[in-house]
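Visitor: To convert, note that position 166 of the sequence shown is 165 in numbering that gives the first Met the number 0; the numbers rise steadily by one, no gaps.
Treat the hints with care, as some may be off.
The following label-pair restraints were derived from C-beta to C-beta distances [stated by the list, open to error]:
1. Pro155 / Ala70: 21 to 31 angstroms
2. Gly71 / Ile1: 19 to 29 angstroms
3. Pro155 / Arg120: 14 to 24 angstroms
4. Arg120 / Thr24: 16 to 26 angstroms
5. Glu196 / Thr34: 46 to 56 angstroms
6. Ala70 / Glu135: 15 to 25 angstroms
7. Glu136 / Val292: 15 to 25 angstroms
8. Gly293 / Ala153: 30 to 40 angstroms
Worth flagging that the hints you see were computed from the coordinates, not collected in a lab. We treat Cβ as the ideally placed atom computed from N, Cα and C, and that holds for glycine.
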Amino acid sequence: MINYRPALASDAPAIARILRSSMRTAMPWLPDIHTPAADLWFVENRLLPDGRVTVAEEDGGIVGYMAVSAAGDWIEHLYLLPSHGRRGIGSELVRRAQAAAEQLQLWAFQRNLPARRFYERHGFRAVEVTDGQGNEEKTPDVRYLWRADGGQFAPPPLSFREMTVADISAALEMRFTTNENAITPERLKRQYGVTVESLIPRFSAELKGWLCEADGRVVGFAMADRSDGEVEVLAVRPCYEGFGIGRRLLELSVAWLQDQGCSPIWLCASPDPDLRASAVYRHLGWRPTGRRVGEDEVLELAGS
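Turn these sequences into a full structure, and let the hints guide you.
Guide: This is the structure we're talking about:
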């Protein structure tokens, strides 16, 4: 049975060990900039005195902890022993923080997709991404927000329209900002031969695109090719996920391809199950074909 209680000063060594073992196991790619002794000093002199720390115990031993800011509006730490993941302990700690707050925020590293999906399942939404220059590790991160009234999901004013040739440059610039399945301009050109110049003549022939705009800038776009029935690209700007933008752009793409008589209708997607897009495509009826294009798998729309 798991017992939850406020942390004591004597818990510092156990908390420091959990901090190190959890971080190194879950994020081995993260720069290791502190020693175990420095971790203990931080827990004793910063974490415990400055915030509200709750520990989870099993059989008299600490197996996880959560640190919330003194004001109760930031989750500073949430770590479990690697052996105690997927047992509902983290979820219970988050629920306890939510029950005591009207709003919570936290930072997560962009590459830590399991943690990000965990927080998203508990109602947090990404609202800011950075290049990581503001954190100790200099590693890109993302800020999440939860509000008890659900206000984190209030959509901004969105507008959808067909793309023109004049939109291509802004759309590609947006594509390079995405978190999932990110790509650089150099790789896009080298691996796929895609540039602004290469797309322009295709817009008068086989290619069509759609944009979503908010606050005067592109926050999502899609392109489809009627010559072979492919949805070539579907991308949403970070912090605009969760508003139905990708789904609507995909609907517009599929409807146009169907009007053009394309069959089958297909797209390429990463097979990584931790990526949001993989789950969304399958939920919407896209099925694996067993074929690959580079590192991506080919999905076909059922019934197309």
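Visitor: Now tell me, hint by hint, if it's right for this structure.
Guide: Here is what the structure says about each hint:
At about 27 angstroms, the CB distance of Pro155 to Ala70 agrees with the hint of 21 to 31 angstroms. For Gly71 paired with Ile1, a C-beta distance near 22 angstroms keeps the hint of 19 to 29 angstroms intact. Here the CB-CB span from Pro155 to Arg120 is close to 23 angstroms, well matched to the stated 14 to 24 angstroms. A hinted range of 16 to 26 angstroms for the beta carbons of Arg120 and Thr24 is consistent with their spacing of about 21 angstroms.
Range check, Glu196 to Thr34: Cβ separation about 52 angstroms, and the 46 to 56 angstroms hint holds. In this structure, Ala70 and Glu135 meet the distance hint of 15 to 25 angstroms, their C-beta atoms being roughly 22 angstroms apart. Distance hint check for Glu136 and Val292: the Cβ-Cβ separation is about 34 angstroms, which falls outside the suggested range of 15 to 25 angstroms. Evaluation of the 30 to 40 angstroms hint for Gly293 and Ala153 yields a pass: the beta carbon distance comes to about 38 angstroms.
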